[in-house]
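Chemist: Which chain is which? The protein sequence lines are C and R, in order. Numbered per the numbering used here, the first sequence spans residues 37 to 520. Numbered per the numbering used here, the second sequence spans residues 5 to 483.
If you're looking for bench data, these hints aren't it; they were derived computationally from the structure. A portion of the hints provided could be inaccurate.
Derived pair list, reagent style BS3-like, types lysine-lysine, alpha-carbon separation capped at 30 Å [said to hold, decoys possible]:
no., chain 1, residue 1, chain 2, residue 2
1, R, K415, R, K439
2, R, K134, C, K389
3, R, K175, C, K370
4, R, K175, R, K83
5, R, K415, C, K370
A partial selection of chain R residues facing chain C, derived with a Cβ cut-off under 8 Å [what the hints assert, rightly or not]:
no., residue
6, A43
7, L55
8, N84
9, L101
10, F277
On the chain R side, residues computed to face chain C include the following (Cβ under 8 Å) [to be verified]:
no., residue
11, G47
12, L48
13, P49
14, G50
15, V54
16, V79
17, R82
18, P88
19, P91
20, K92
21, G93
22, I96
23, F99
24, I146
25, D273
26, R275
This one's a predicted model, so the numbers in the text were calculated from it and none came from an experiment. In this text, a Cβ means the ideal position worked out from N, Cα and C, and glycines have one as well.
Next come the chains, spelled out residue by residue.
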Amino acid sequence: MHQKSLSELAAGLRAGEFTSESLTSHFLDRIKRLDGELNSVVTLTEAQALQAAREADQRIAAGNAGPLTGIPFLHKDIFCTEGIRTSCGSRMLDNFEAPYDATVSEKLKQAGAVMLGKTNMDEFAMGSSNETSFYGPVKNPWDRERVPGGSSGGSAAAVAARLAPIATGTDTGGSIRQPAALCGITGLKPTYGRVSRYGMIAFASSLDQGGPFAGSAADAAVLLQAMAGFDPRDSTSLDRPVDDYTAGLEQDLDGLVIGLPKEFFDEGLDTEVRAVMEAAVDEYRKLGATVKEISLPNSGLSVPVYYVVAPAECSSNLSRMDGVRFGHRCENPKDLDDLYTRSRGEGFGAEVKRRIMIGTYALSAGYYDAYYLKAQQIRRLIRDDFVKAFEDVDVIMGPTSPTTAFKLGEKADDPVTMYLSDIYTIAVNLAGLPGMSIPAGLVNGLPVGLQLIGNYFEEGRLLNVAHRYQQVTDWHTQRPAGYA
Amino acid sequence: MEWEVVIGLEIHAQLSTTSKIFSGASTAYGAEPNTQACAVDLGLPGVLPVLNEKVVELAARFGLATHSTVAKRSVFARKNYFYPDLPKGYQISQFELPIVHEGYIDIDLDDDTTRRIGITRAHLEEDAGKSLHEGFVGETGIDLNRAGTPLLEIVSEPDMRSAKQAVAYMKKIHALVRYLDICDGNMQEGSFRCDANVSIRPKGQKEFGTRTEIKNINSFRFVERAINFEVERQIDVIEGGGKIVQETRLYDSDRDETRPMRSKEEANDYRYFPDPDLLPVILDDDFIESVRKTLPELPEAKRERFISEYGLSHRDAVVLTSSREMADYFERATETSGGEGKLAANWVSGELSGLLNREGIDIDASPVTAEQLGGLLKRISDNTISGKIAKQVFEAMCQGEGDADTVIEKKGLKQITDSGAIEKLVREVLDRNPKQVEQYRGGQEKLLGFFVGQVMKATQGKANPGEVNKILKQLLSGD
Numbered sequence: 037m038h039q040k041s042l043s044e045l046a047a048g049l050r051a052g053e054f055t056s057e058s059l060t061s062h063f064l065d066r067i068k069r070l071d072g073e074l075n076s077v078v079t080l081t082e083a084q085a086l087q088a089a090r091e092a093d094q095r096i097a098a099g100n101a102g103p104l105t106g107i108p109f110l111h112k113d114i115f116c117t118e119g120i121r122t123s124c125g126s127r128m129l130d131n132f133e134a135p136y137d138a139t140v141s142e143k144l145k146q147a148g149a150v151m152l153g154k155t156n157m158d159e160f161a162m163g164s165s166n167e168t169s170f171y172g173p174v175k176n177p178w179d180r181e182r183v184p185g186g187s188s189g190g191s192a193a194a195v196a197a198r199l200a201p202i203a204t205g206t207d208t209g210g211s212i213r214q215p216a217a218l219c220g221i222t223g224l225k226p227t228y229g230r231v232s233r234y235g236m237i238a239f240a241s242s243l244d245q246g247g248p249f250a251g252s253a254a255d256a257a258v259l260l261q262a263m264a265g266f267d268p269r270d271s272t273s274l275d276r277p278v279d280d281y282t283a284g285l286e287q288d289l290d291g292l293v294i295g296l297p298k299e300f301f302d303e304g305l306d307t308e309v310r311a312v313m314e315a316a317v318d319e320y321r322k323l324g325a326t327v328k329e330i331s332l333p334n335s336g337l338s339v340p341v342y343y344v345v346a347p348a349e350c351s352s353n354l355s356r357m358d359g360v361r362f363g364h365r366c367e368n369p370k371d372l373d374d375l376y377t378r379s380r381g382e383g384f385g386a387e388v389k390r391r392i393m394i395g396t397y398a399l400s401a402g403y404y405d406a407y408y409l410k411a412q413q414i415r416r417l418i419r420d421d422f423v424k425a426f427e428d429v430d431v432i433m434g435p436t437s438p439t440t441a442f443k444l445g446e447k448a449d450d451p452v453t454m455y456l457s458d459i460y461t462i463a464v465n466l467a468g469l470p471g472m473s474i475p476a477g478l479v480n481g482l483p484v485g486l487q488l489i490g491n492y493f494e495e496g497r498l499l500n501v502a503h504r505y506q507q508v509t510d511w512h513t514q515r516p517a518g519y520a
Numbered sequence: 005m006e007w008e009v010v011i012g013l014e015i016h017a018q019l020s021t022t023s024k025i026f027s028g029a030s031t032a033y034g035a036e037p038n039t040q041a042c043a044v045d046l047g048l049p050g051v052l053p054v055l056n057e058k059v060v061e062l063a064a065r066f067g068l069a070t071h072s073t074v075a076k077r078s079v080f081a082r083k084n085y086f087y088p089d090l091p092k093g094y095q096i097s098q099f100e101l102p103i104v105h106e107g108y109i110d111i112d113l114d115d116d117t118t119r120r121i122g123i124t125r126a127h128l129e130e131d132a133g134k135s136l137h138e139g140f141v142g143e144t145g146i147d148l149n150r151a152g153t154p155l156l157e158i159v160s161e162p163d164m165r166s167a168k169q170a171v172a173y174m175k176k177i178h179a180l181v182r183y184l185d186i187c188d189g190n191m192q193e194g195s196f197r198c199d200a201n202v203s204i205r206p207k208g209q210k211e212f213g214t215r216t217e218i219k220n221i222n223s224f225r226f227v228e229r230a231i232n233f234e235v236e237r238q239i240d241v242i243e244g245g246g247k248i249v250q251e252t253r254l255y256d257s258d259r260d261e262t263r264p265m266r267s268k269e270e271a272n273d274y275r276y277f278p279d280p281d282l283l284p285v286i287l288d289d290d291f292i293e294s295v296r297k298t299l300p301e302l303p304e305a306k307r308e309r310f311i312s313e314y315g316l317s318h319r320d321a322v323v324l325t326s327s328r329e330m331a332d333y334f335e336r337a338t339e340t341s342g343g344e345g346k347l348a349a350n351w352v353s354g355e356l357s358g359l360l361n362r363e364g365i366d367i368d369a370s371p372v373t374a375e376q377l378g379g380l381l382k383r384i385s386d387n388t389i390s391g392k393i394a395k396q397v398f399e400a401m402c403q404g405e406g407d408a409d410t411v412i413e414k415k416g417l418k419q420i421t422d423s424g425a426i427e428k429l430v431r432e433v434l435d436r437n438p439k440q441v442e443q444y445r446g447g448q449e450k451l452l453g454f455f456v457g458q459v460m461k462a463t464q465g466k467a468n469p470g471e472v473n474k475i476l477k478q479l480l481s482g483d
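Whenever a hint applies, use it, and build me the whole structure from the sequences.
Modeler: In structure tokens, the structure reads:
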């Protein structure tokens with residue numbers, strides 16, 4: 037049952053082949069049985085899930101079910117969920133129960149989707165390996181000595197292991213696409229402003245964007261459809277109608293122009309990953325696409341720009357975690373300074389502290405112009421590169437990650453090497469474009485992700501381009517051993 | 005050494021909106037602690053601010069009324085610092101690109117001249133909450149009801165040269181925001197308060213001295229006292245060979261002194277940067293023009309109109325336009341009186357103001373309404389009562405004894421103007437005082453006042469004084 041696609045599951049529910057309750061129980065059992073080692077779920081909401089499933093069953097019986105009604109999903113623990121802990125992978129919020137639902141949580145609830153629980157993640161979404169979580173690292177189901185990627189590692193690993201058919205994620209510098217690549221699943225980061233950030237705990241507000249994880253582009257389309265849309269509670273949300281993502285999936289790719297940025301295929305790229313990219317591009321040629329080499333001359337500056345902008349914003353965003361109103365508070369504070377210093381010192385992990393310090397430095401008087409302002413100027417240049425490229429091409433392709441999943445601990449002590457795992461994904465966030473990762477091959481038994489980058493609001497196009505590829509290849513149906 | 009005082013004010017005016025600047029919570033004053041703070045005001049993880057559009061309009065009104073530029077593009081920025089009553093660890097304010105910049109107002113000085121005070125900028129920001137120390141032992145309470153209340157921070161140029169000028173400027177801005185209906189001006193509730201930047205320099209020197217900032221002063225009287233204290237202190241320090249330290253000080257009204265404040269954070273680096281949660285505020289000409297159309301008649305225009313329409317003196321016109329409420333009161337009283345503008349001006353700035361000052365109440369709460377006062381003035385102008393009797397009637401009206409006609413009727417205060425009746429009274433007085441009549445006729449004409457007094461006494465002041473005089477003179481000389 038757990039290998040079925042969303043359309044198969046929805047059809048089965050409607051036909052009465054199984055109920056949402058039994059489907060939900062099936063996935064809950066899988067989580068209980070298989071997640072001990074993976075550690076992808078930090079909060080299992082069994083009772084609420086079964087209750088929601090029964091309500092969904094009534095709705096299905098009443099004939100007003102949507103495509104997600106009764107479908108179980110896992111929710112990244114960065115989205116606030118009323119009455120259920122939202123930890124953001126941090127000791128700081130280990131005791132935090134939001135009194136409200138994030139817009140995405142609310143939309144999925146309204147769609148009748150059944151939340152199984154909340155997934156593990158890098159602390160406050162800061163990391164590329166899921167090793168910074170207060171709840172311990174998540175293991176990659178393809179090789180449990182390896183990382184699943186991050187920061188949405190729990191959601192990606194869970195979908196790869198079929199502990200849920202779909203899951204939510206967030207992507208600030210690659211946090212959906214990189215774990216999707218490393219876990220061999222489909223993940224999409226929408227255009228900035230397409231999915232509401234209300235109730236999604238902020239890491240870097242100008243970059244954060246929620247999006248779907250799924251087993252295929254077709255399934256991702258269904259989940260994205262439910263997540264996307266204008267939200268008056270988020271001023272950066274865009275008031276523009278949402279395309280019908282499923283309707284456009286089958287569109288022909290004849291005449292599609294694919295741009296391959298030469299900067300994404302330089303010496304930093306693993307040769308075997310490069311071979312996978314070339315094979316994928318050949319498939320697209322067969323589907324009628326033409327290929328063009330393009331240049332994104334400023335993309336090489338993405339990582340340094342990102343590591344000024346994101347920490348600067350996070351240093352401010354995380355100031356509210358002060359031990360005063362919610363979250364971790366130290367024992368017996370002597371005075372106000374002690375309350376702040378120890379609550380934050382104890383509540384945050386090393387990577388979060390590192391970024392708060394980098395960001396605080398970058399915004400400080402005397403450094404602001406040299407770092408933050410300069411970074412914002414370069415950011416504009418990076419965006420302009422993409423705008424120019426999209427004058428000639430329909431979609432940009434390249435690797436999602438320079439390597440396949442690396443070993444746990446391998447990069448944990450070397451932040452700069454870790455930061456470089458997002459070298460191909462970060463520019464997309466800086467430009468605010470939609471990006472996607474789909475499985476395109478295996479190297480030494482580990483998945484390789486193909487990244488698709490679209491023009492603004494062309495999520496539908498990306499899903500279409502991914503879907504056509506998945507119709508002629510079977511990389512997205514490969515499952516890690518032991519999770520079939 | 006002769007010193008020159010240099011003062012600039014930062015005025016915080018709470019904008020009159022029913023909901024907060026970035027959330028839907030109510031801004032009503034005086035609720036139980038933390039009952040008017042929603043998830044956004046509490047700064048819970050995940051919440052986002054959404055701009056209350058009303059504040060943009062109110063700020064634009066202020067900009068247009070002060071000859072300022074209303075920015076086509078302004079940007080909200082985060083001012084980062086840690087304090088328990090600042091829920092997010094930053095205050096959303098405007099930094100590099102405020103919504104209003106570069107304007108001025110003219111203040112009226114005691115010598116009937118005016119002085120132009122530059123307005124550097126006015127920017128929108130959210131208020132913080134309140135730390136409560138009373139009733140807590142070893143702890144501090146936090147009330148976040150005020151967190152997120154919209155403020156317009158109005159920053160002046162350092163154009164004031166005395167505490168008196170600073171007060172005049174503050175009063176002028178206070179009157180203006182109330183004229184514009186953008187702030188209720190309630191200083192007790194903290195809706196209107198200011199920080200004063202004060203420095204001194206030797207007279208004739210161009211460069212400014214080191215300034216100190218006196219925080220959160222919430223009355224006109226305290227502004228004057230705080231600045232005067234601070235000026236004296238600075239002179240003492242410098243003349244004693246010391247140096248002024250740039251710092252934030254607090255004015256303690258009980259002790260009438262300023263003293264250094266515990267700094268909000270040791271290092272004062274607010275790490276301002278544009279708030280990525282909010283879009284820049286973009287205004288077009290149509291919007292600005294539509295706001296301009298909503299502007300009421302402003303104090304200067306009203307003052308000129310009062311001078312030309314009612315023939316008031318400049319001084320009277322300045323006083324009567326010092327608040328919108330007083331100007332409205334004056335105009336309503338004038339109308340009811342049948343156009344007795346000058347008389348109304350005398351009464352409003354005389355008897356009525358005296359009463360309000362004595363009772364310590366605002367003109368809005370006056371026990372005598374503008375219409376009632378107008379009714380009284382009408383009876384003076386039609387000679388029903390004399391000015392002197394009118395004061396008596398006014399007192400009765402203050403006591404709630406009804407309008408002028410009721411009081412005049414009830415107390416029988418109607419002026420006696422019938423010459424036959426007055427002549428009868430005069431004759432009685434002369435008959436009773438033959439000795440004085442003799443003396444008067446013998447050349448002691450000063451005694452006329454004595455006779456007038458006697459007649460008035462006999463009529464309890466109701467006799468028309470002109471008529472009494474005329475008849476007395478006639479009888480005393482003719483008989």
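Chemist: Should the interface hint for R/P91 be scored as holding, given a Cβ-Cβ cut-off of 8 Å against chain C?
Modeler: Hint on R/P91: holds, closest Cβ of chain C at ~6 Å, below 8 Å.
Chemist: Going by Cβ atoms only, is R/F277 closer than 8 Å to chain C?
Modeler: At 6 Å from the nearest chain C Cβ, R/F277 passes the 8 Å test, so the hint holds.
Chemist: Does R/N84 pass the interface check with chain C, least Cβ-Cβ distance below 8 Å?
Modeler: holds (5 Å)
Chemist: Within a Cα-Cα threshold of 30 Å, do R/K175 and C/K370 meet the stated pairing?
Modeler: violated (44 Å)
Chemist: Min Cβ distance, R/K92 to chain C: is it shorter than 8 Å?
Modeler: Cβ of R/K92 sits 5 Å from chain C, so the hint holds.
Chemist: Using Cβ atoms only, decide whether R/V54 comes closer than 8 Å to chain C, and label the hint accordingly.
Modeler: With Cβ-Cβ at 5 Å, under 8 Å, it holds.
Chemist: So, R/A43 near chain C? Judge it on the closest CB pair being under 8 Å.
Modeler: holds (6 Å)
Chemist: With a cut-off of 8 Å, does the beta carbon of R/D273 approach a beta carbon of chain C closely enough for the hint to hold?
Modeler: holds (5 Å)
Chemist: Should the hint that R/G47 touches chain C count as held when the rule is a Cβ pair under 8 Å?
Modeler: Interface hint status for R/G47: holds (4 Å vs cutoff 8 Å).
Chemist: Can we keep the R/G93 interface hint, with Cβ of chain C closer than 8 Å?
Modeler: holds (2 Å)
Chemist: Minimum Cβ distance from R/I96 to chain C below 8 Å?
Modeler: Check failed: Cβ of R/I96 comes no nearer than 11 Å to chain C, outside 8 Å.
Chemist: Taking 8 Å as the limit, does the beta-carbon of R/I146 come near enough to a beta-carbon in chain C?
Modeler: holds (7 Å)
The structure shown violates the earlier hints numbered 1, 3, 5, 9, 16, 22 and 23.
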